[in-house]
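> Chain residues, written in single-letter form:
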Amino acid sequence: MSESTAPKAVEAPLNFLDDRLGSTTFFKRNMKKVFPDHWSFMLGEIALYSFIILLLTGTFLTLWFKPSMVEVVYDGSYTKLQGVKMSEAYASTLHISFDVRGGLLMRQIHHWAAILFMASILAHMLRVFFTGAYRKPRELNWLIGIGMFTMGMLEGLFGYSLPDDLLSGTGLRITQGVAESIPLVGTYIYMFLFGGEFPGTDIVPRMYMLHILLIPGLILGLITAHMMIMWHQKHTAMPTQHQTEQQVYGYPFYPVFMAKTGAYFLFTFGVLALLGAFAQINPIWLFGPYDPGAISSASQPDWYMGVLEGSLRIMPNWEITAWGHTLSLNVLIPALLPLGIVFGGAAAWPFIEQWVTGDKRHHHVNTRPRNAPVRTATGMAAVTFYGLLWIAGANDVVADRFSVSLFATTWFFRFAVFLGPVLAFIVTKRICLGLQRKDADVIGHGVESGIILMSPEGRFTERHEPAREEERVVLLSKENARPEAPAVDARGVPAPGAKGPLGHLRSRLNRAWQFDDVPVEEHAENGHAELEGDKETARH
Amino acid sequence: MSDENKETAGAQEPRERVIGTPSPARDKALLADGDMSAPAGAGEQLDEASAKRAERIVALFFLLAFAGSVAFIAYYIGWSGRDGGMHGVLRARESNFWLGGTMALSFLAMAAGVTIWVRRLMASKPIIQERHEFAADPQSRAVFAEDFMAGAEDSGLTKRPLLRRTLLLAAAPLGLAPLVLLRDLGPLPEKRLRSTHWGDAVEKAKRQGKKGVRLVVDGTHRPLKVTDFAQVGSMITVLPEGIEEDVPHDQVLTQVAKAVTILINVPEEKFKPAEGRENWHVNGIVAYSKICTHVGCPAALYEQTTHHILCPCHQSTFDATDAAKVVFGPAARPLPQLPLDVEDGYLVATGDFPEPIGPSFWERG
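If you're matching them up, the sequences are chains A and B in order. Per my numbering, the first sequence runs over residues 1 to 540. Per my numbering, the second sequence runs over residues 1 to 365.
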């Protein structure tokens with residue numbers, strides 16, 4: 001190794017930069033940066049690469065797309081719509097699809113990449129939540145992530161509304177209805193958004209600006225911050241032999257991770273190209289231009305808006321009219337409340353957890369989901385809540401496919417949305433505790449070896465063997481509950497942190513967090529006495 | 001637990017009786033081996049023969065990727081533009097398959113090649129890096145706080161409240177100014193949402209001495225006669241006559257979006273007109289706003305047997321025989337009804353909708 005020096009083509013530019021920026025110190029420090037390896041750590045990478053692909057394909061599309069609602073008569077090469085009046089936006093989208101070589105491919109890759117972008121962010125966030133990777137010191141990156149997902153929803157909504165086809169116009173119409181429901185300022189927001197009454201002629205150029213400039217710019221800024229913070233703080237790691245709070249173990253950035261992540265980018269692009277080539281998406285030429293009086297059945301938004309669609313569908317028709325004003329709870333509640341609960345709750349969660357557990361330490365090694373049953377159960381309750389609303393957004397499709405009454409599906413979801421999360425919480429917590437018990441058993445008693453021993457008096461027992469060291473490390477990564485002092489001691493003096501109603505609440509939540517914890521620990525006599533395995537096992 | 005220990009444990013128990021074949025439990029992993037996936041050959045001396053083989057496989061994939069890219073360019077230049085270039089569905093589909101297929105091939109082959117390269121040929125070893133405390137020690141924090149306050153004092157900001165307060169005052173409007181600039185984003189709502197083009201059209205017709213404005217079929221703009229619409233159970237979308245001519249060109253779609261109306265022929269014996277609207281229908285032909293009162297989708301589905309109007313977006317359901325009362329779903333109010341009459345055999349509207357159409361809003365009342 002030592003005899004090799006970098007070729008001149010590499011060295012010269014490096015020296016050029018170093019002379020001016022002192023960059024070699026930076027490169028030297030970072031080129032061996034350690035990347036811990038776990039399959040679930042790749043989910044965020046998919047999101048990053050989808051975003052890059054979105055920028056590339058999106059730039060291509062802007063070269064031909066005309067963000068204009070001026071009415072034109074189509075005379076392009078899609079014969080079925082020739083002579084039809086439509087907006088320039090729709091006509092130029094048809095032009096991209098049918099008259100620009102590779103245009104349809106870029107459109108389809110762009111749309112698929114948007115879907116993948118949102119899906120991978122969500123998956124990545126679930127990974128971070130369930131392993132506790134959001135804990136101190138990484139709360140900021142967690143909040144940035146929630147911000148990016150929310151902005152991604154808006155970005156997607158504006159993006160698929162741009163072609164001004166029948167489906168996207170319907171989405172905009174719903175957006176207008178939701179805007180109008182806002183108390184006090186609803187009609188003003190509506191008028192200011194559309195530049196007058198729906199649809200007007202301003203909305204497409206405005207959404208275009210938001211979609212290609214403002215929101216992507218903001219997302220790009222957040223991604224940069226996200227990456228820099230991650231780079232600075234170093235990765236979390238799943239609990240294994242070499243991962244501790246003091247060190248991180250894995251392969252160096254250069255060359256291993258660089259090559260791996262490069263391959264991963266190529267895989268992402270390749271799969272999206274495959275989808276763009278063979279899986280049709282958003283065939284706007286079949287929907288036709290937007291017509292406010294027309295609609296097709298089973299109109300569905302892209303998946304990440306489905307949760308809003310579902311809550312709109314199953315909400316009872318409550319509306320209050322009093323003192324000359326109307327408050328449409330039937331729109332306002334579903335538009336704000338479910339996502340408010342899920343995203344607001346997710347944003348507050350790290351801080352709530354810190355407050356409840358009193359744990360203000362830094363955490364770099366993740367928790368296995370089973371070892372934080374309340375967190376895992378709460379997460380599953382949120383997943384169930386979100387998932388049910390999401391499916392409710394397709395209740396007409398469900399009713400059609402499974403031949404059940406449409407109204408019955410609505411009623412089902414009206415109840416399931418409340419009962420499902422409770423059930424998910426209970427079931428998940430039970431499963432977590434069961435897994436804890438199993439871990440405790442493996443650590444305390446060892447693993448069944450399949451070897452049957454016969455004792456002199458004729459008793460048969462199975463020999464247990466201690467688990468392998470690398471497995472024991474994982475199991476023992478569990479931090480057992482540390483019961484707090486009782487809220488009120490024997491003399492009736494409240495413990496610090498348990499004073500007042502808030503302190504009382506905290507102390508109760510703290511107990512709920514850990515009261516049924518199953519300690520996973522080595523039994524004292526088991527400690528290092530494995531050599532006497534037979535005596536041990538006889539006792540079990 | 002190292003294997004060494006296990007072996008010793010076994011050796012010390014010559015009397016151990018084993019029934020059957022010992023289970024391979026000690027080799028079985030309790031946990032998924034998810035953590036360290038690559039590189040498989042890392043840190044090991046590579047066997048040169050198999051490394052050569054791996055290299056050849058990687059090279060094959062890279063060649064495949066190259067071929068994919070060449071095919072992409074070749075198709076683009078040589079085939080996609082033949083006979084006057086891209087035109088229509090068939091050529092779009094063909095070029096989409098070829099361009100997308102070769103592009104996917106190129107990316108995936110390259111990705112596979114790099115993956116095999118990483119897993120088979122890279123000899124890097126896993127390494128360990130120390131984590132560092134992020135926070136500065138209390139002393140530096142204290143020093144910084146001191147410096148900060150010293151700077152504030154040097155600047156005079158702490159000593160001179162007049163300076164400080166007027167600076168804040170000067171800065172405050174800067175935040176508002178951009179918001180003020182946004183005022184011209186749109187007009188104020190005023191009474192815009194309260195009326196539709198039906199009102200203007202009826203007024204115009206009445207000025208000309210007619211009873212009301214004719215209904216024309218959406219799309220064809222043909223005025224509709226009662227006899228044209230005599231079949232019970234039919235439904236059609238109508239607009240006020242002349243909407244395309246009387247409205248400024250760029251306002252047509254906006255006005256259509258408000259005035260669009262469904263005309264339904266319900267069986268007269270089942271029809272229960274609302275109070276005060278007994279003569280708003282013509283032999284069971286009744287007109288409702290097509291814009292759903294929930295969030296504004298077109299309530300476009302009509303079921304003849306139940307006389308239900310259904311909005312396909314969120315499934316609000318209205319009863320056509322009962323003044324479009326809400327039967328199910330999230331909509332809170334009936335679809336507004338349009339007063340109808342007959343003039344010279346043609347269906348006419350004799351007034352605007354009596355209430356604002358579409359979704360509810362705060363000032364609606």
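Calculated from the structure, these hints are not laboratory results. Hints should not be assumed to be uniformly reliable.
To be verified - If the Cβ cut is set under 8 Å, some of the chain A residues that face chain B in the computed set are:
| hint | residue |
| --- | --- |
| 1 | L166 |
| 2 | T170 |
| 3 | P183 |
| 4 | L184 |
| 5 | F198 |
| 6 | P199 |
| 7 | A277 |
| 8 | I281 |
| 9 | A294 |
| 10 | S299 |
| 11 | T326 |
| 12 | G379 |
| 13 | F407 |
| 14 | A408 |
Claimed, not checked - Just a few of them, taken from the derived set where beta-carbon distance is under 10 Å, the chain A residues facing chain B:
| hint | residue |
| --- | --- |
| 15 | D99 |
| 16 | D202 |
| 17 | T224 |
| 18 | T244 |
| 19 | Y254 |
| 20 | K260 |
| 21 | L274 |
| 22 | S328 |
As the list claims (entries may be wrong) - List time: in silico DMTMM-like cross-link candidates among lysine to aspartate or glutamate, alpha-carbon distance up to 20 Å:
| hint | chain 1 | residue 1 | chain 2 | residue 2 |
| --- | --- | --- | --- | --- |
| 23 | A | K85 | B | E245 |
| 24 | A | K85 | B | E244 |
| 25 | B | K204 | B | E245 |
| 26 | A | K360 | B | E355 |
| 27 | A | K66 | B | D250 |
| 28 | A | K136 | B | E130 |
| 29 | A | K33 | B | D137 |
| 30 | A | K85 | A | D291 |
| 31 | A | K360 | A | D18 |
| 32 | B | K159 | B | D147 |
| 33 | A | K438 | A | D517 |
| 34 | B | K325 | B | E268 |
| 35 | A | K360 | B | E133 |
| 36 | A | K28 | B | E268 |
| 37 | A | K234 | B | D147 |
| 38 | A | K32 | B | E130 |
| 39 | A | K33 | B | D344 |
| 40 | A | K136 | B | D137 |
None of the values given here were measured: they were computed from a predicted structure. Don't be surprised by glycine CBs; every beta carbon is placed ideally from N, CA and C.
> Compare the structure with each hint and give your call.
Evaluation of the provided hints:
1. For L166 (chain A), the suggested interface contact is broken, since its CB lies about 10 Å from the closest CB of chain B, more than 8 Å.
2. Checking T170 (chain A) against chain B by beta carbon gives a least distance of about 6 Å; that is within 8 Å, so the hint holds.
3. About 5 Å separates the beta-carbon of P183 (chain A) from the nearest beta-carbon of chain B, less than 8 Å, and the hint is met.
4. Satisfaction of the interface hint for L184 (chain A) is found here, the shortest Cβ-Cβ separation to chain B being roughly 6 Å, below the 8 Å cut-off.
5. The restraint placing F198 (chain A) at the interface with chain B holds, with a minimum CB-CB distance near 6 Å, inside the 8 Å limit.
6. Against a cut-off of 8 Å between C-beta atoms, the interface hint on P199 (chain A) holds, since the closest Cβ of chain B lies about 6 Å away.
7. The interface hint given for A277 (chain A) is met, as the beta carbon of that residue sits about 2 Å from the closest beta carbon of chain B, less than 8 Å.
8. Residue-level restraint check for I281 (chain A) is violated (minimum Cβ-Cβ distance to chain B is 12 Å; threshold 8 Å).
9. A cut of 8 Å between beta carbons decides the hint on A294 (chain A): the least distance to chain B is about 6 Å, and the hint holds.
10. Evaluation of the S299 (chain A) hint against chain B yields a held restraint, the C-beta minimum of about 6 Å falling below 8 Å.
11. The restraint placing T326 (chain A) at the interface with chain B holds, with a minimum CB-CB distance near 4 Å, inside the 8 Å limit.
12. At about 20 Å, the closest approach between the beta carbon of G379 (chain A) and any beta carbon in chain B exceeds 8 Å, and the interface hint on this residue is violated.
13. At about 6 Å, the closest approach between the beta carbon of F407 (chain A) and any beta carbon in chain B falls short of 8 Å, and the interface hint on this residue holds.
14. Contact between A408 (chain A) and chain B, as hinted, is not supported at the beta carbon level, the nearest pair being about 11 Å apart and thus beyond 8 Å.
15. Restraint check, D99 (chain A) versus chain B: the minimum CB separation of about 5 Å is within 10 Å; hint holds.
16. Given the 10 Å rule on beta carbons, the hint for D202 (chain A) holds: about 8 Å separates it from the nearest Cβ of chain B.
17. Contact between T224 (chain A) and chain B, as hinted, is not supported at the beta carbon level, the nearest pair being about 19 Å apart and thus beyond 10 Å.
18. Here the hint on T244 (chain A) is kept, as its CB sits about 8 Å from the closest CB of chain B, short of 10 Å.
19. For Y254 (chain A), the shortest C-beta to C-beta distance to chain B is roughly 9 Å, which falls under 10 Å, so the interface hint holds.
20. Restraint check, K260 (chain A) versus chain B: the minimum CB separation of about 5 Å is within 10 Å; hint holds.
21. For L274 (chain A), the suggested interface contact is upheld, since its CB lies about 4 Å from the closest CB of chain B, less than 10 Å.
22. For the restraint placing S328 (chain A) at the interface with chain B, the shortest Cβ-Cβ distance is roughly 4 Å, inside the 10 Å limit, so the hint holds.
23. Proposed proximity of K85 (chain A) and E245 (chain B) is supported: the alpha carbons are some 16 Å apart, at most 20 Å.
24. Pair hint K85 (chain A) plus E244 (chain B) holds up; C-alpha atoms about 13 Å apart against a cutoff of 20 Å.
25. Our distance criterion of 20 Å between C-alpha atoms is met by K204 (chain B) and E245 (chain B), whose separation comes to about 13 Å.
26. For a cut-off of 20 Å, the pair hint linking K360 (chain A) to E355 (chain B) is broken: about 59 Å separates their Cα positions.
27. Of the pairs offered as hints, the one joining K66 (chain A) and D250 (chain B) holds, with about 17 Å between alpha carbons and a cut-off of 20 Å not exceeded.
28. Under the criterion of a C-alpha separation no larger than 20 Å, the hint pairing K136 (chain A) with E130 (chain B) is consistent with the structure, at around 18 Å.
29. Taking the CA atoms of K33 (chain A) and D137 (chain B), the gap is about 25 Å. The hint is violated against a cut of 20 Å.
30. For the hint linking K85 (chain A) to D291 (chain A), the alpha-carbon distance of about 10 Å falls within 20 Å, and the restraint holds.
31. For the proposed pair K360 (chain A) and D18 (chain A), the alpha carbon gap of about 41 Å is over 20 Å, so the pair is violated.
32. Proposed proximity of K159 (chain B) and D147 (chain B) is supported: the alpha carbons are some 16 Å apart, at most 20 Å.
33. With a C-alpha separation of about 13 Å, the suggested pair K438 (chain A) and D517 (chain A) falls inside the 20 Å cut-off, and the hint holds.
34. A distance of roughly 17 Å separates the Cα atoms of K325 (chain B) and E268 (chain B); the hinted pair therefore holds under the 20 Å criterion.
35. Between K360 (chain A) and E133 (chain B) the CA atoms are separated by roughly 14 Å; this keeps the pair inside 20 Å, and the hint holds.
36. Between K28 (chain A) and E268 (chain B) the CA atoms are separated by roughly 87 Å; this puts the pair beyond 20 Å, and the hint is violated.
37. A C-alpha spacing of about 30 Å is found between K234 (chain A) and D147 (chain B), which places the hinted pair above 20 Å, so the restraint is violated.
38. Among the hinted pairs, K32 (chain A) with E130 (chain B) is consistent with the structure: their alpha-carbon atoms are about 12 Å apart, no more than 20 Å.
39. Distance restraint check for K33 (chain A) and D344 (chain B): the Cα-Cα separation of roughly 86 Å exceeds the 20 Å cut-off, and the hinted pair is therefore not satisfied.
40. Taking the CA atoms of K136 (chain A) and D137 (chain B), the gap is about 18 Å. The hint holds against a cut of 20 Å.
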